[in-house]
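J.: One letter stands for each residue in the lines below.
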Amino acid sequence: MDLQTLILELSRFWSAQGCILQQPYDLEVGAGTMHPETFLRVLGPEPYRVAYVQPSRRPADARFGENPFRLGKHLQMQVILKPSPPDVQELYRRSLEALGIDPAVHDVRFEEDNWESPTLGAWGVGWQVLLDGMEITQFTYFQQAGGIELTPVAAELTYGLERIAMFLGRRDSIYDVPWSGEASYREVRHRDEVELSRYAFQVADVAMLERHFADWEREAVRCLEAVGENGAPDPLVIPALEATLKMSHLFNLLDARGAVAVTERVALIGRVRRLAVRCAKAYLEQRQAMGFPLLSPGDAAGAAARRGGGGNGAAPAGGGAQRRAGSEGRRRVGRS
Amino acid sequence: MSYQFLLEVLCEEIPANALAPARQQLAERFAALLAGAGIEGATVRVFSTVRRLVVSLAGLPARLPDRVETVNGPPARVAFAPDGSPTQAALGFARGQGVEVGELRVIEGPKGAVVAVTRTVAGRPTVALLAEGVPPLLASLHFPKTMRWGGGEYTFVRPVHRVVALFGETSLAEAVPFELFGVASGTVTVGHRVVAPEEIDLRGVAGLEGYLARLAEAGVVVDQEGRRARLAAAIEALAAEVGCQVRPDPPLVAEHVELVEYPGVVRGVLAERFLALPEEVLVTALRHHQKCLVLERDGRVAPFFLAVADRPDDPEGHVVRGNEWVAGARLADAEFFFQQDRRRRLAEHASGLERLVFHQKAGSFAQKTEVIGQLGEALARRQAEGLAEPVRRAARLAKADLVTAMVGEFPELQGVVGGIYARLDGEEEAVWQAIADQYRPAGLEGPVPRGMVGAILGVADRLDTLAALFAAGEVPTGSKDPFALRRAALAVVKICAETPLERVAVPEAAAAAVALRAASDGEVLRTLLDFLREREHYYLVTAAGVSPDVAAAVLGARWGVVADDVARAQALEGVREEPVFADLAQAFKRVRHMVAKAGAAGPAAGRTPLVEPAELALASALGALQEQVAGEAAAGRYREALRGLAGMAAPLDRFFTDVLVLCDDGDLRQARLALLRDVEALFLEIADLSCLAAGG
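One line per chain: the protein sequences are Z and L, in this order.
Counting from 1, one number per residue, gives the positions in the first sequence under the working numbering.
Counting from 337, one number per residue, gives the positions in the second sequence under the working numbering.
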């Protein structure tokens, strides 16, 4: 199965499960989790189902197009099911069938793999899904995002598309994966990988990146502190989050360039996280002010939520979310 | 009649490391639940698979035992008139309790005699106890990490899907009704996800054995021991087929037991070219991500691996082909890292340590490298000729692998990778071995570094870590020891004892380490010395097998040349049971007490001659023993030295009986105290016997 058929089949499957088919976020992000369709939509009581492909940037993982398994930019298929349905594992299994993988003749395993994102103040509990020994999906029950405890809990499925395509086609290199019937991954993307690697490791202008980091930080704060025509606070949540995501990517570039002293690392991540937490809080307040419009009217939880925030007051950031520092959008922890 | 109860909680996949502790807690808490209800003689058995927690109780009664209940009423003097007839108070109480007044008894309460009703309360059905007791018991289990799901109302290790709870005599026909995490208990479960995913109604199943058999038919080996046995047999058979043996890896096998419902094993083939990778890298690459077992033939890695699947078969060969592809990909990845790292010498990688922070307040690993070099060199010079140069070289390269791609990918190979790269760079054997062994020992068990260079490197590295982090205020407290400093200190002690480094004194080395971290604060060193000494005490007791008071006695005399401390401790442990040592310990306590009370020695010159026969005898015994004990001690014959000291028991006893030390004649008093000080000094060559517990 070529890469685009893989994407089409997964899209078709999850669309049939009631997911909105979203598009990739038009910013550089480290993971599909950073897309507002995940990061913001998992907050608060409103149900949501969405699926999209997200090109994910990990400049430090770039390998000049030389390593057959590693990319500085790879594709994730991200699925959010909120609240997590009781049959979520079964749905996932059927998504594999949609890809022509019959679980009855394979070894499909769910092995503990939790993650946290220090930059997003987010963490979750779940598994890596292994197919005949190959990790093909991250399966996570979101527990916290933006420092806010999540109720209801969303299930997040993240398919590593290149890996799956490589595995299904038994290719020894990502670049040999067919993208379409005619074009290979190499033909479509190899040159970008070489150039993006050179940029990330050798060329990126450190002083400019640092300057922009500080610029976007100020801009994020300005957006969060924006005032409406009546003089009341009216934060611009999406622009603020976009500024925050730019900071996150700038940080990753600085890190790949070797320009982040280890002593600064925690502090820089903390600057991004503080803004991510503020964005999350502002989004939740905004939705609450709107009466959580996606709640169905008969929903008892919805009514309670409309009255009192549904137990989703902005809890202080904490819990397990910020135990470790890291550069990327997602980081696995506690592999056992 | 004896009844059984069966509980199965079906969850989404439970983390492997959560299962053994959960089984233990379930066993304990169910036993406590039964004991609390007065049920005796029942058996509790607990099983688990990756998706199930299973508890079986047998030997249960149909009802809980009857209980005798006493209800106290009004005081006897209020309840009965002087003529013994019941008052209104008694009548009222009897009415309230629903008994005739004649059934009231008088008993002694805490505030005097009261009337009371004693009656037998019939025990309720055991099923009621279970229905009420199971949900809170399950909810109280402690897991390493818990989660919420769906509406977020419940917290458990993983979402719960079904609960089966059955009670009965031989056939478990009665459903025990309760709700657990929003799931109503019932009688229906499902089989293995792949082998038999359909529903199974367990109502009427023939007890635990019937349940285990029914689940086995559905592809689930519920008993972890059963899975362990199957796994071991399958592993051995697949290895034998190709004339190999499996490289033993008990922790990995134990993990696989927890990761499946039915353990199946497949054997994959490795491309020959990967056998050219350093063996540790090959094995770790297969183990780290893939949890594969490695096969060997004639002690060398063979071109096969074993992977464990959660299914009994591999009908279309997907499982083995998939695992082969992944293993090949992982090894190709490792090969890529290996080749990339090997473009530069290890010494060149070391330049990257400037950017790797060891601790916010304690600088980079480059700084640490520098300090370890200096400290290691000082220790090396003290220990033996010719060590300084290799120790300095090993220290310079020791941390360089932390910035290699290989250690970035496989952190557990730190040290090992450095050792391999140093060897391939042509470093001398003592140097590359020292680098490879620098993280040994892993704990109280496990080998120390192979050579003297590695031992000194290991001690210097850890003493520096301790000094730097103590100076940075990171002293472990209670259960908080995020930098594993207790383990580091224990490793210092263990290396010094077992290498042995007989010329390195830990306190002196620690002082040098603190000085190199420029900690001007004497408090840091004092705290560190107490910490190290406490760890040495732990080592003597746990690893050298001596009693705590013997360890205290030995360390109380002097401490830190650990091999010598161990020798003294073991000698003392060997002789302490001899009766004379009890007397000797008592006598020495008196000596120490007197000397301590007398304070500092007076002017030594012009010592007044001793006069009493008992003190002259003691002085002469001391004179005779001083040289002997010193000689034995110098030769490390501590048992003989201690036996020599035993010769002091009788003269000391006589001395304390016959001589008044604190006499009025000040000069004579000083002379007697001086004699006792000499006795004390002689004992303290070996041990502070006053620490020995009486009759210990």
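Any given hint could be a false lead.
To be verified - As a list, the in silico DSBU-like pairs of lysine-lysine whose alpha-carbon atoms are at most 35 Å apart:
no., chain 1, residue 1, chain 2, residue 2
1, L, K627, L, K481
2, L, K816, L, K481
3, Z, K73, L, K816
4, L, K816, L, K627
5, Z, K73, L, K627
Source of the hints: derived by calculation from the structure; they are not laboratory data.
J.: Now, for every hint given, state plainly whether the structure supports it.
T.: Status of each hint after checking the structure:
Restraint check: the Cα-Cα separation between K627(L) and K481(L) comes to about 22 Å, which is no more than 35 Å; the hinted pair holds. For the suggested pair K816(L) and K481(L), the alpha carbons sit about 19 Å apart, so the restraint of at most 35 Å is met. Between K73(Z) and K816(L) the alpha-carbon distance is near 40 Å, which puts this suggested pair outside the 35 Å criterion. The hinted pair formed by K816(L) and K627(L) meets the criterion: a straight-line CA distance of about 31 Å does not exceed 35 Å.
As the CA atoms of K73(Z) and K627(L) are separated by approximately 28 Å, the hinted pair is consistent with the 35 Å bound.
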